[in-house]
Amino acid sequence: MVYDSRPAPAAPDIHSGATTERLWVRVVLVALAVVFMALVLVMPLVLVFSEAFRKGAEFFFKSLSQRDTVTAIQLTLTVAAIAVPLNLVFGVAASWAIAKFEFKGKAFLITLIDLPFSVSPVVSGLVYVLLFGAQGYFGPWLKANDIEIIFAVPGIVLATIFVTFPFVARELIPLMQVQGNGDEEAALSLGANGWQTFWHVTLPNIKWGLLYGVLLCNARAMGEFGAVSVVSGHIRGKTTTMPLHIEILYNEYNFAGAFAVASLLAMLALVTLIIKTVLELRFGDELAATRRH
Amino acid sequence: MGSLTSSTHPASKAKNQPARAGWYFVKPSVVPGFGLTFGYTLLYLSIIVLIPIAALFFKAFSLSPERLIEIATDRRTVAALWVSFGSSFIAALVNVVFGVIVAWVLVRYRFPGRRLLDAIVDLPFALPTAVAGIALSTLYAPKGWVGALFAPQGAIGRLFADGSWWADHFGPWTIKIAYTPAGITIALIFIGLPFVVRTVQPILEEFEQELEEAAATLGATRLQTIRHVIMPRLTPAVLTGFALAFARAVGEYGSVIFIAGNIPYVSEIAPLLIVIRLEEFDQPAASTIAVIMLVIAFAMLLVINLIQAWSRRRFGDGV
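If you read the sequences in order, they're chains A and B. So for the first sequence, our numbering puts the first residue at 6; every next one is plus one. So for the second sequence, our numbering puts the first residue at 233; every next one is plus one.
Hints listed in this document are in silico derivations from the structure and should not be mistaken for laboratory results. The reader is advised that the hints may include incorrect statements.
Subject to a maximum C-alpha distance of 20 Å in a straight line, what follows is the list of computed EDC-like cross-link-like pairs (lysine to aspartate or glutamate) [claimed, not checked]:
1) 212/A to 188/A
2) 212/A to 190/A
3) 259/B to 153/A
4) 109/A to 119/A
5) 212/A to 291/A
6) 243/A to 119/A
7) 243/A to 107/A
8) 60/A to 257/A
9) 67/A to 188/A
10) 243/A to 257/A
11) 375/B to 119/A
12) 375/B to 257/A
13) 408/B to 394/B
14) 259/B to 190/A
15) 259/B to 73/A
Rough simulated footprint, nothing fancy, chain B against chain A, three-plus residues with beta-carbon under 8 Å [stated by the list, open to error]:
16) 31 to 39
17) 73 to 86
18) 164 to 173
Yeah, the Cβ is synthetic: ideal placement off N, Cα and C, and Gly gets one too.
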């Protein structure tokens, strides 16, 4: 018999019958998704940890305690500690101006804030070299005044701020737009001043969204490679952040050492993902509806 | 967007009295702090983003037009742009296919590990690109876990190596992933996947299943329902996801340079060429390539906005 003439089983719930696929189609699709994700996403992650410990735990801890590695970790933390708070303040200010007020050119302003996301990381570093590098527009003046920006820490901080610029604003703007001005107007009409309104009314409303934005901002700040690579000058032990140090070790064929440092950043990524998932599950309605970035 | 702002209060109007009747820059509101926050936003935006980007354009356009064209049409520049845009395009296409499958499976089916799979989708957003780069490079190198399969002795490579049925009929064929444009594409697939999944997923979640029931009631087969009811609704999201993944891939640097092999004219991407020109102290060339990439990126951004505007008109929401 060519055709299966048996009647279709009754639909017990919405996930079967007329609005879903046959079992084998479902199994094949799930298998495809899982295999694809395993090949492209999971295996690289597993490999990082496996390679990091290839030469044993002792070698792992020895590579991490080397002086250059320690300074790279310190530099990464320092850069993030400067860049993230600055972008946090900006993100809150920008979303206050954009979400609480109606003004001309708002859409254009939002596009400009998003701009760093559509710029190649390499270009993000290049623009500062053009401004502050030895041949740059401010180069001679900086040299005359003995200020180092490019191939020094300030350049790394600037490039990091650039690439993480939109994260907090991007999360807060849609959130504050949905929340509207009602709470703030109530507080103001009860006699609170602007700062009181912000601290006691707005901030509690946006705290989870703010944390979410800061989390993503921080992950990118600590992991940025391209932009920082262009402005850093790769001075070992001085201007190498963790990702740059990974590159140096890898190019010296010290793979176990490179993967040891990489495993720290992979841990950071995992922690970021876990907190992010928890925030989405627990406070999903207090985050911006959009999950794109 | 606009409908959510507060009603205006007559009392606050006096302060913000517009210069021209009926025209205002900012709509009057009882909420304070516009001047401070807007001013700070503009200042910070200018210092960090606008002035540096303006400097880039200034640098590139201070060149004579002949020099500009000479750099832009340099064989190596064209080859690098071709590698970047070509592999980004293929990677974005692969991401559209698998991204839609992953999003579909995550929204529509219940299976063990679904939540974990959902969380892992965002890994490329969180994992630093350099880490992804060395991991993918090691994984797909001829001796790596996956690369070994494609080596001539490997399970898949053997099928095409000397003495195989394939080699007898078509000649031996080695599949090399790492250090070739195929490796670049793999890295760009890694980077771009979440863009497609996270754009398509919310649309699928909001999709009214009553429409599918209605289609089934009217006698449509499942395939017809997917083809004529679900797919049209997903199209704008898929296009947006494609554009986002493509735009991100074109500029990607960290995850690519380790796996690419970086052979000029073959597997050298445009961002790497910018770095090389900069290291040669050839700022004009670096700036010109950067401007070409920026202009194309802006065009992509424009396309994304047009798709979203079209989607809003057609379906009443953004993507």
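Outcome of the hint check:
1. 212/A to 188/A: Between residue 212/A and residue 188/A the Cα gap is close to 15 Å, so the pair holds against 20 Å.
2. 212/A to 190/A: holds (19 Å)
3. 259/B to 153/A: The given pair, whose Cα atoms are some 44 Å apart, is violated under the 20 Å limit.
4. 109/A to 119/A: Distance of about 18 Å is within 20 Å: holds.
5. 212/A to 291/A: Judged against 20 Å, a Cα distance of about 8 Å means the pair holds.
6. 243/A to 119/A: violated (32 Å)
7. 243/A to 107/A: violated (47 Å)
8. 60/A to 257/A: Roughly 16 Å between the alpha carbons, so the hint for residue 60/A and residue 257/A holds.
9. 67/A to 188/A: violated (55 Å)
10. 243/A to 257/A: Between residue 243/A and residue 257/A the Cα gap is close to 18 Å, so the pair holds against 20 Å.
11. 375/B to 119/A: violated (41 Å)
12. 375/B to 257/A: holds (18 Å)
13. 408/B to 394/B: Status holds; Cα separation ~15 Å.
14. 259/B to 190/A: OK: residue 259/B and residue 190/A at ~15 Å, within 20 Å.
15. 259/B to 73/A: violated (55 Å)
16. 31 to 39: This one holds; 6 residues, not fewer than the three required, reach chain B with a Cβ under 8 Å.
17. 73 to 86: Result for this restraint: violated, n = 0.
18. 164 to 173: holds (count 3)
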